[in-house]
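**Student:** Given the sequences, and given the hints that come with them, work out the whole structure.
Chains as they are written, first to last, in numbering that gives the first Met the number 0: chain A, 0 to 311; chain B, 0 to 343.
Since the hints were derived computationally from the structure, they do not count as laboratory data.
All clues stand as given, with none of them false.
A partial selection of chain A residues facing chain B, derived with a Cβ cut-off under 10 angstroms: (1) 122; (2) 127; (3) 134; (4) 149.
So the derived list for chain A, only partly shown, Cβ under 7 angstroms to chain B, looks like this: (5) 150; (6) 151; (7) 247; (8) 285.
Ideal Cβ positions, reconstructed from N, Cα and C, are used throughout, including at glycine.
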Amino acid sequence: MDKAAIEEAAREPRWWEAPPRPVWEEEPSKAGVAGKGIVLFGACLAVLFPLWIVIVTSLSSKKTITEAGGLVMIPKDITFIAYQELLSGGQVTRAAIVSVGVTLAGTLFSMTVSVLAAYGLSRSGSLGHRWLLMTLLATMFFGAGLIPTYLLVQSLGLTDTYLALILPSAVSVFNILVLRAFFMGISPELIDSARIDGAGDWRILWQIVLPLSRAVVAVITLFYAVGYWSAWFNASIYLSDQDMMPLQNVMIQLVQKQEAPVGVSQAIKTGQISGLAIQMAVMVMALLPVAVISPFVQKHFKKGMLTGAVKG
Amino acid sequence: MSNSTVPRSRAEAKKTEAAPRAADAPGEGPEKELSGKLSLRLRFRRDRTLILMTLPAVALVLVFNYIPILGNVVAFQDYDPYVSDNGFIAMLESPWVGFEQFQRVFADSAFWDAVQNTFVLFFLQLVLFFPVPILLALLINSVIRPRIRAVSQAILYLPHFFSWVLVITVFQQIFGGAGIIAQTLRQRGYEGFDLMTDPGIFKFLVTAEGVWKDAGWGIIVFLAALASVSPDLYEAAAMDGAGRWRRMWHVTLPALRPVIALLLVLRVGDALTVGFEQILLQRDAVGPGAAEVLDTYVWWNGVRNQDFGYAAAAGLIKGLVSVALVLAANKVAHFMGEQGVYKK
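**Tutor:** Written out as structure tokens, the structure reads:
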């Protein structure tokens with residue numbers, strides 16, 4: 000065999016090539032491969048196609064949308080006029096700022112509380128460890144119910160404050176368990192050597208445990224952030240002031256109840272912009288942050304989900 | 000778990016000089032014996048930072064998960080929110096009515112409609128939703144090109160992170176009366192339709208939305224179970240003459256069985272909770288007859304109609320049955336040798 004052939008046999012498969020099959024495995028039939036491909040492609044298309052329509056319609060001019068009879072599938076003369084209109088002040092701009100603010104503040108708060116609790120509970124054998132853990136775990140089995148929670152938030156005077164969007168659902172016991180399981184998997188020798196060198200618990204958490212847990216911390220941060228970003232129910236029952244509403248609630252008004260957003264309605268009436276493009280642009284604003292960030296964290300999902308789900 | 004405890008206590012013993020000298024000897028016993036010799040005061044001094052770190056979370060849980068349990072007393076009251084601006088004082092001042100609210104709930108045919116809708120939806124999801132992630136995971140697992148696997152997983156995970164508002168809006172834009180399919184049909188001269196306001200198919204619609212949003216996310220657990228199967232098993236089966244399908248039946252499916260059983264049990268335990276936010280958002284479009292489930296029933300009577308005592312009674316019934324179901328489900332999980340939500 001000459002050198003080129005050996006190299007050819009030893010090289011890594013290109014991305015479109017299948018890695019080598021074990022000898023005992025039979026070659027798949029052409030029909031089987033095609034069938035699998037079609038199903039998988041169809042499933043991915045079912046996810047991507049609606050998003051494509053939403054994005055393209057939001058970028059289309061009124062003329063294109065009318066010609067397409069509503070929703071646009073093939074982009075023509077791309078325009079950002081809907082976004083300019085929405086982001087030049089008014090209801091949607093304010094709602095977007097509220098959503099970003101609540102998401103940032105809420106995620107920071109939730110992560111701080113959860114990481115501390117997870118570390119505090121990660122050393123089995125510490126005093127009160129079982130009791131504290133049980134207090135948290137028990138809440139996974141029962142909820143107090145919607146009405147008593149509503150009355151409590153009201154009694155605490157949280158209605159019509161942004162705290163009502165953060166505090167009632169600030170900690171997720173499931174997320175704490177995931178973090179805790181991960182922290183418990185960190186080599187105890189490492190922590191002990193730090194302790195012998197004189198590091199306290201705060202320092203160990205900050206300089207050893209957290210840097211080693213970047214993956215799971217990223218996953219849980221994403222979970223919390225998505226939770227805050229997607230939440231609309233608390234705002235709908237605890238807030239009465241329209242100006243305080245986050246983006247999701249404004250989206251309900253605009254798209255589901257077909258109301259034109261304040262500040263843009265004039266432009267729609269005079270026919271400058273299509274109302275549909277405005278609706279789609281609001282939807283893009285709601286989905287974009289999530290769609291952009293989650294693929295970066297996705298390689299850690301499996302690890303994070305499993306440590307939490309299985310070990311408890 | 001246990002391997003982390005021994006060195007910790009030994010290091011602590013050096014630092015605090017609190018533990019008996021024997022702790023420094025090699026081959027020392029497990030943590031339990033050691034901590035038993037430490038006095039409570041010393042253990043507190045050793046662990047106070049850890050306890051302090053846990054307190055914020057515990058405090059939040061106590062306030063927002065435990066205290067409201069007491070608020071369920073309004074189910075036994077004729078709660079009047081106008082007695083006082085403060086809900087707590089209103090609770091103290093409202094008259095007690097015993098089980099009257101519960102009798103009202105049980106006498107209401109709308110409540111039983113909600114019960115029925117809840118169960119029908121649960122069974123639909125069990126039959127039409129539950130198998131989808133398993134099949135998808137098997138499919139993806141059989142794809143051997145890593146790049147295709149990674150890309151399709153990334154795409155399928157995506158909708159899980161969209162809010163329900165967005166998911167429902169997307170469905171509306173496609174299947175609704177002004178949606179893309181109906182529009183196209185009308186342009187071609189056919190009659191349009193509106194799936195979003197049709198009570199007859201509402202439950203299927205809700206299930207389909209659930210599949211679109213979360214079926215892709217559900218494959219993670221199954222893929223992990225599949226990844227843990229040793230390739231040797233497949234090879235051995237192939238050597239014994241098992242074809243592709245026999246290997247699937249005798250190697251792949253047994254590997255998935257514990258995960259499937261566990262998730263199934265847990266889902267049954269959660270049977271009374273079917274898509275609260277999702278259904279609430281679409282309740283007005285199809286009407287309560289088809290869309291009302293137990294959670295939305297409580298929301299409607301309590302938050303909307305301000306009949307707090309009545310709604311709390313309905314919520315309490317649902318809550319108690321749910322707890323019973325979850326505990327029973329965990330018992331079954333333990334019986335099958337699984338861990339369930341908590342350990343035995």
